[in-house]
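Undergrad: So the chains spell out like this:
Protein chains: 2
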Amino acid sequence: MQCDVFLVGTGQTRFGELFDRSTRDVMEEAIGNAIENSGLTSLDIDMVVVANMLAEQTNNQAHLGSLASQMLPHHPPALRVEAACGSGAVALHTATALLESKRAETVLVVGVEKMTDASTEDVSTALMGAADSELDQPSGLTFPGIFGLIAQRYMHEYGLTREQLSLVSALHHRNGMRNPFAQFRIEVTPEAVSQSSPVADPLRLLDCSPISDGAAACILSTLHRSPLRLAASQIATDTLSIAQRATLTSFSASKEAMERALREAEIDRDEIKALETHDCFSIAALINLEDLGFAEPGEGIRLYEALYKGRATSLMINRSGGLKACGHPVAATGVKQLCDIGKQLISEKKQWGIAHNFGGACASCGIHLLENLDA
Amino acid sequence: MQCDVFLVGTGQTRFGELFDRSTRDVMEEAIGNAIENSGLTSLDIDMVVVANMLAEQTNNQAHLGSLASQMLPHHPPALRVEAACGSGAVALHTATALLESKRAETVLVVGVEKMTDASTEDVSTALMGAADSELDQPSGLTFPGIFGLIAQRYMHEYGLTREQLSLVSALHHRNGMRNPFAQFRIEVTPEAVSQSSPVADPLRLLDCSPISDGAAACILSTLHRSPLRLAASQIATDTLSIAQRATLTSFSASKEAMERALREAEIDRDEIKALETHDCFSIAALINLEDLGFAEPGEGIRLYEALYKGRATSLMINRSGGLKACGHPVAATGVKQLCDIGKQLISEKKQWGIAHNFGGACASCGIHLLENLDA
Numbered sequence: 001m002q003c004d005v006f007l008v009g010t011g012q013t014r015f016g017e018l019f020d021r022s023t024r025d026v027m028e029e030a031i032g033n034a035i036e037n038s039g040l041t042s043l044d045i046d047m048v049v050v051a052n053m054l055a056e057q058t059n060n061q062a063h064l065g066s067l068a069s070q071m072l073p074h075h076p077p078a079l080r081v082e083a084a085c086g087s088g089a090v091a092l093h094t095a096t097a098l099l100e101s102k103r104a105e106t107v108l109v110v111g112v113e114k115m116t117d118a119s120t121e122d123v124s125t126a127l128m129g130a131a132d133s134e135l136d137q138p139s140g141l142t143f144p145g146i147f148g149l150i151a152q153r154y155m156h157e158y159g160l161t162r163e164q165l166s167l168v169s170a171l172h173h174r175n176g177m178r179n180p181f182a183q184f185r186i187e188v189t190p191e192a193v194s195q196s197s198p199v200a201d202p203l204r205l206l207d208c209s210p211i212s213d214g215a216a217a218c219i220l221s222t223l224h225r226s227p228l229r230l231a232a233s234q235i236a237t238d239t240l241s242i243a244q245r246a247t248l249t250s251f252s253a254s255k256e257a258m259e260r261a262l263r264e265a266e267i268d269r270d271e272i273k274a275l276e277t278h279d280c281f282s283i284a285a286l287i288n289l290e291d292l293g294f295a296e297p298g299e300g301i302r303l304y305e306a307l308y309k310g311r312a313t314s315l316m317i318n319r320s321g322g323l324k325a326c327g328h329p330v331a332a333t334g335v336k337q338l339c340d341i342g343k344q345l346i347s348e349k350k351q352w353g354i355a356h357n358f359g360g361a362c363a364s365c366g367i368h369l370l371e372n373l374d375a
Numbered sequence: 001m002q003c004d005v006f007l008v009g010t011g012q013t014r015f016g017e018l019f020d021r022s023t024r025d026v027m028e029e030a031i032g033n034a035i036e037n038s039g040l041t042s043l044d045i046d047m048v049v050v051a052n053m054l055a056e057q058t059n060n061q062a063h064l065g066s067l068a069s070q071m072l073p074h075h076p077p078a079l080r081v082e083a084a085c086g087s088g089a090v091a092l093h094t095a096t097a098l099l100e101s102k103r104a105e106t107v108l109v110v111g112v113e114k115m116t117d118a119s120t121e122d123v124s125t126a127l128m129g130a131a132d133s134e135l136d137q138p139s140g141l142t143f144p145g146i147f148g149l150i151a152q153r154y155m156h157e158y159g160l161t162r163e164q165l166s167l168v169s170a171l172h173h174r175n176g177m178r179n180p181f182a183q184f185r186i187e188v189t190p191e192a193v194s195q196s197s198p199v200a201d202p203l204r205l206l207d208c209s210p211i212s213d214g215a216a217a218c219i220l221s222t223l224h225r226s227p228l229r230l231a232a233s234q235i236a237t238d239t240l241s242i243a244q245r246a247t248l249t250s251f252s253a254s255k256e257a258m259e260r261a262l263r264e265a266e267i268d269r270d271e272i273k274a275l276e277t278h279d280c281f282s283i284a285a286l287i288n289l290e291d292l293g294f295a296e297p298g299e300g301i302r303l304y305e306a307l308y309k310g311r312a313t314s315l316m317i318n319r320s321g322g323l324k325a326c327g328h329p330v331a332a333t334g335v336k337q338l339c340d341i342g343k344q345l346i347s348e349k350k351q352w353g354i355a356h357n358f359g360g361a362c363a364s365c366g367i368h369l370l371e372n373l374d375a
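Chains as they are written, first to last, in this note's numbering: chain A, 1 to 375; chain B, 1 to 375.
Don't read these hints as lab results, they were simulated from the structure. Take the hints with a grain of salt, since some may be wrong.
Simulated pairs of lysine-lysine, DSS-like, Cα-Cα distance not exceeding 27 Å [to be verified]:
| # | chain 1 | residue 1 | chain 2 | residue 2 |
| --- | --- | --- | --- | --- |
| 1 | B | Lys255 | A | Lys102 |
| 2 | A | Lys102 | B | Lys102 |
| 3 | A | Lys255 | A | Lys350 |
| 4 | B | Lys273 | B | Lys255 |
| 5 | A | Lys350 | A | Lys273 |
| 6 | B | Lys350 | B | Lys273 |
| 7 | A | Lys255 | B | Lys102 |
| 8 | B | Lys350 | B | Lys255 |
| 9 | A | Lys309 | A | Lys350 |
Looking at chain A on its own, in the form it has when it is part of the complex:
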């Protein structure tokens, strides 16, 4: 980092099927909560970065930078960034660069998605925009299909069983029961996951994060301070088309972003005690643990087995409930992950936490490392 950047405020809406709320309603609520949480006023915000993927298609609303800016009395300069489901992390990265460039001292980042305004079919089609429209879409794949293929290959390579995989969603749901902002606050047993409706073999309904509405906001500042220091912000990119990948069971963008983030923060991986990772599908959580270096290839499930049995591990994983239990309003997720890591570091008195967010089949990845200076 070129200078100290602090996470001075966070806020979010509940994620879920918010049928009675519009895109601007949820943005306003998240922004208001973040400003209130920060103790600053609206006028302290120099710039706004909005993360959004789908509003053009679900709400015929582009130009969300201006829409967010309009909510603040002084209409600060604003822009929207997009990297599919990784939009949130990429927006945080853009905000970090704006702060380091000295073009702003305090930046509001808001991630928003209002998915339930469109039919499931339309949302599924729109989400496929995150994949390659010439190389992958014409095969008829949807994202459950892509991650179904990935899970098939992973099981073939590493011998992961259907019963083991079900522990991932079961743990995320158990964690989500404590999160007042989560879409689903219900206990789900591994058996229920295994027996839920098939979606894209071997993935079943309860392996998949849902269609959700919601917004989350972070305020980052070089001028105002808090105990939460952003120690690294890195993004990495892989081929958009999965047909051009060397492997389906590991995402190189995660590995690359993680290596650079650890170098930037100048810490070792094992100092990290809290992780929010991108479990758009259960199989992704296992691959992520391995790509981030928290488990050997094929061994990610060991951490879930331990955590589900209540055994102590040195790493908290998706304490929020992850995408599975919290819901996944796509561009809001990366921003909400950083909000959650901040809360976890404070409440658990831990020093280091990491938010790991990706887009598509990890064609874009963003990693943010947060330090609790009070720990």
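Fit chain B to the given chain A structure using the hints.
TA: For chain B alone, coordinates are given in the frame of chain A:
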């Protein structure tokens, strides 16, 4: 500027109805041209910023950062930014911040739009996403309608005549005849503009920039040098809804971005000799000249009257042909404007030029000031 940023390479496709080319085709061509023009190799590019507004709707392709990165052998980190028709300038601004933050030393910016793949009706609907979906869209307005209202009010306030307004498009078309990349390279008389089909009274067909395909790319660097130095990069934001504006005949975001750009570059307005301004509709060009301070309110037409009669003025305006003659593949326009200003400063041996790009009814505005160090 926190450090010297140079425009080291530019490239574009021809703008027009490129029915046989895809989004990736035009991106690849513009990127290839810019890299070739720079004398660098693909591997010199550290990051990619893509400007795009409509590909999700016209091509079901989001995630264009990854798509562009995929075209380079080393897949550098990439993101997409969007601020409607002002996406290009906002992408240049984002790239500038990434360079100033030292997160990159050489950034490729590519603006792309492929509009003719969709029906005119669908494109018009998608473009209305640049306006406020709750406050402006429900009135049934399209952008020709919004700028028709603006022209009505401008004529009422300042007494501009239909015949005078026609000089704007006539001059742009005359300029465009010399531009090999322009969509229309035909002479259009003021009489032809006045007599073209009514679109939104008082605006006629030849007051309106067309639906276009195309891409443009710039390479900005702090490591590699060129005679073209970026002296200022500023963005500003206004309310998305025109219903919330104090006036229809002036755009506050242009004024604000211009004031800050002049301060940043530490120059006087009258040192600027080349302007590319956002003439999405003819009336906008007049308002822009006034907001940028090159003419008093209501007097913008005087510059067009002088230029159309071939009289010498101290300012070249839309020598490329502007959006009217070049075409307006929306997110490509802001990037292409900077390409053109660079070429004009070199060929005319002028020191200072300015690219002025906006989105919607100037709800987002970006201004870039370029200095020719050899002049």
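Undergrad: Give a verdict on every hint.
TA: Structure-based check of each hint:
no.	hint	result
1	Lys255(B) - Lys102(A)	holds, 22 Å
2	Lys102(A) - Lys102(B)	holds, 12 Å
3	Lys255(A) - Lys350(A)	holds, 24 Å
4	Lys273(B) - Lys255(B)	holds, 18 Å
5	Lys350(A) - Lys273(A)	holds, 7 Å
6	Lys350(B) - Lys273(B)	holds, 7 Å
7	Lys255(A) - Lys102(B)	holds, 22 Å
8	Lys350(B) - Lys255(B)	holds, 24 Å
9	Lys309(A) - Lys350(A)	holds, 22 Å
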